[in-house]
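Colleague: For this one, chain A is given, so just place chains B and C on it according to the hints.
For the record, the sequence lines run as chains A, B and C. With numbering that gives the first Met the number 0 applied, the first sequence closes on residue 50, and no number is skipped along the way. With numbering that gives the first Met the number 0 applied, the second sequence closes on residue 807, and no number is skipped along the way. With numbering that gives the first Met the number 0 applied, the third sequence closes on residue 71, and no number is skipped along the way.
Hints were generated in silico from the structure; no laboratory data involved. Where hints are given, some of them may not hold.
Straight-line alpha carbon distances no greater than 25 Å define the calculated DSS-like cross-link-like pairs of lysine-lysine that follow [said to hold, decoys possible]: (1) A/Lys25 with B/Lys603; (2) C/Lys64 with B/Lys286; (3) B/Lys392 with B/Lys344; (4) B/Lys148 with C/Lys64; (5) B/Lys221 with B/Lys199; (6) B/Lys148 with A/Lys24; (7) B/Lys5 with B/Lys121; (8) C/Lys64 with B/Lys273; (9) B/Lys5 with B/Lys199; (10) B/Lys368 with B/Lys355; (11) B/Lys368 with B/Lys404; (12) B/Lys568 with B/Lys480; (13) B/Lys480 with C/Lys64; (14) B/Lys640 with B/Lys430; (15) B/Lys286 with C/Lys6; (16) B/Lys221 with B/Lys131; (17) C/Lys6 with C/Lys64.
Each pair of labels, with its calculated beta carbon distance range [claimed, not checked]: (18) C/Tyr44 with B/Gly228: 46 to 56 Å; (19) C/Ala70 with B/Lys122: 26 to 36 Å; (20) A/Val6 with B/Gly610: 38 to 48 Å; (21) B/Glu50 with C/Gly18: 25 to 35 Å.
Note that CB positions come from ideal geometry on N, CA and C, so glycine has one too.
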Amino acid sequence: MNAASAVVLGIVLALAALAVWRNMKKGAPCECGGYRKSCGGGCCCHCNDEG
Amino acid sequence: MANSMKIALAGNPNSGKTTLFNAITGSEQYVGNWPGVTVEKKDGILHGHKEVVIQDLPGIYSLSPYSMEEKVSRNFLVDEKPDAILNIVDGTNIERNLYLSTQLAELGIPMVMAVNMMDVVKKNGDKIDFEKIGRALRCEVVGISALKKEGDVEAAEMAVRLAKKGSVDKGPDKTPDVPHVFSGSVEHAIAHIEESIQGKVPSRSIRWYAIKIFERDREVIKNLGIGVGEMKHIEEHIRDCEKELGDDAESIITNQRYDFIKRLMDKSLALNEKRHSKATLSDRIDKFVTHRFLAIPIFVLSLCVMWWLAVAENGPGTLLTDWANDGFLADGWHLPFTTHEVDGKDYDTAKEDFAKAEATVAAWEAGEKKASIEDEETGEVADEWDIDEAAYKAAKEVEEPDPSKYGVWVPGIGALITGALERAGVGDTVKSLVVDGAWGGVATVLGFVPVIFIVFLFLAFLEDCGYMARVAFIMDRIFRKFGLSGKSFIPILIGKGCGVPAVMATRTIENERARRMTVILATFVPCGAKTVIIAMFAALFFREQWYVAALMDVVGIAIIILGGIALKKTRPFSGEASSFVLELPAYHMPTVSGVWHHTWNRLKGYILKAGLIIFPACVFLWFVMHFDWSLNLLADEEIEKSILHDLGSWIAWFFAPLGFGSWQGAAASVSAEIAKEQATATLGLVAANMDGATTGSHIQALFASVSAFPKLAALSFMLFNLFVPPCMVAIAVTFREMGSKKWGWFAVAFQLFVGYVIALNAYRLGVLFAGGGFGIWTAVAILIDVFCIWMIFRPARKEATANEGAEV
Amino acid sequence: MTLDAVKEGERARIARVNGDEAVKRHLGALGFVAGTVVRVVGTSYGNMILAVHESRIAVNDATAKDIEVEAV
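Excised from the complex, chain A in its bound form:
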């Protein structure tokens, strides 16, 4: 494997690991843009009535 390949491989793996780590920390992204952990484990979209 040449240098360029190694670099690119490293970048891809690092990004993937970063994504996984972030999911563990902040919780998976909600379909409404918030993050699960900040919403008590579930998504906070539409948790209360239309205001």
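Modeller: Showing chains B and C alone in chain A's frame:
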């Protein structure tokens, strides 16, 4: 932030609170949950006042302690001691809105009442006397139109000014100046109660507390630690009132509030009689929308319009998706209006000619006498022609057309990445990881964003204009048939976006059985992620039959109804349903920003998901596809030796009756549990070896290789992934909401059964009608159908009514 | 008589709200109190849409049966 000022924004649902909040806080908002509950907590900084926090409280009708929203609002107002209240009131529905206002005013917190929708009030010719109302409720009253952005910021700033002044100016002896809403004997009782709790509560809110105690508010009584002896004394006063007025304490309070409001309105509200004696536009629309025969067809029609826009061959959704999949994310595209012909041919024709030339060269060099071209989508021979040496020589001269000569060419992201990697000298393997694995997978999902966008846009529009409340009302009648109420429709509607908040929204259903049933059924309506699957299959297999996409929604609802009926007839779910009370807001044209806001939020979630979940999943899949168990790197053609191939093959038997019993189908279906849209990305990856020029054609070839009836196998695959248990996160929430492992597993088992049976039926009966013959699995499918029909149509249980009363 | 007997387009005055505590409270907050006049805007298989003050409230037949009214 010691210097920060807190202003509570409170009002009824549908009073325009959200519009006001967005207008005065701009984009610096924080959205989360109140601790411990699923009620949304939203706060933001007031424009131009960095130290002022606007706390958006949930829409509530009253400050009783009985629903989550009310509890959260109360606790904030009473414990967090906001510096002022901004009470938003719907000017076109002012009496009902004032019910909450009187309660807020009793808290003794400086308050500004913003009467919203003044533009409509003026148009109707009604007149509201702000001064009289302000005097009666001891607060400032101003008129605003949040929609037209008139007066909204000023109202908020008035609240800030009031907060700064504090309650010092109000009333002598620092007893806050609060409205006295009740009659003689009730006021008498309240005064007594105030005496006994003197010192136990903040002095400005003493009246509010006293009224709550009069209403026998359990929370307040508990929190104040009022002794049994004291309470007995207070009870005597309350009972005297109840006897005198012939009603229970709570009802007395409610009635007297409305009496007060009526007297106040007689003095300060002048309605334009002419305008109000006619049926309103909303009422006239509702005549059709809730009509006994027209209601459902209208609803189905609106779904069809949505899906037509999203996936029909010539519709905007497909146009954008094709552009995304083939152009923007892949090779590239021409800027519109810049294309022109070269040598009398346009780019597409030139490409076709080149492809023919290539085919001619390849055929001649292979010793053939005929050359042919296949249709990219169907794989069938599109054209065939004879070739000779002259044709061959001519064909060799044909050059590949350069797209940039035909117009302004924007290279696609895929092409850019590939180009960059090639220029950097990256090896083929890593190139494959990046281009086919990581980018390929993510691009598959992102390519369908236009479809999700259209679906979400449409739903946001329907919700914001008020139609969805009517649908809940219409559905109520049907849902009653199996013990649910229209209240269960709201989680189902939310489920169209995402199953997680849908399951959580079942908390508002008090009836435990109804709640459990709703949790099990709510995820059958295709969510946003599942919509990506629908989008892909509509594009690859059902281009001419766009109604297949709409059908998925209909099937989802049908499952909910029929599944509900079947469940209700079983012991754990039988029993009567509770009441149904729902406000139907007046229809109004949704604001562009409101709809955009809703839509963009959801869309953002998908794009983020693509980066955070799909991307790492595809990297992982690429690895298990390209390595064998001894961790040797495999060439593309050796994919059958890979880890993923083996894993998939071990469970492929499970999917065989459904028509896609190959390791690829198995891998894709299982990967869908990470995120439903992952199924599309995985298919793109595992089909890479198949014939064809694009990911799409690979997948078509894949299904052609696993079944003699590829369209049916595709349909079956789609049905399976749409209707089995939702993604892992949603399953986790299901277990949590059910509260017991037993019910969690039941839900999963039920959903797996339903998804499997539907796919099985679609494939086996489809094959039967397509002339593929009757096999053992066809028989199994029919037998299961008989069982299901029996479960749905058997006579209902005759339940002893003695134990029903306790439930509701 | 009870609310479910009132026909489309007609009005009635609320006399008393019976039934479940929680429902009574919710209805009360929405304006269903003794003395209020409501108008039936529409019905659909027993479910009713009522005009209460200026708002529109939908209730099902069981709930309507719990609301006692007088003719207006």
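Colleague: Which numbered hints turn out to be false for this structure?
Modeller: Of the numbered hints given earlier, those the structure breaks are 4, 6, 7, 8, 11, 16, 20 and 21, listed in rising order.
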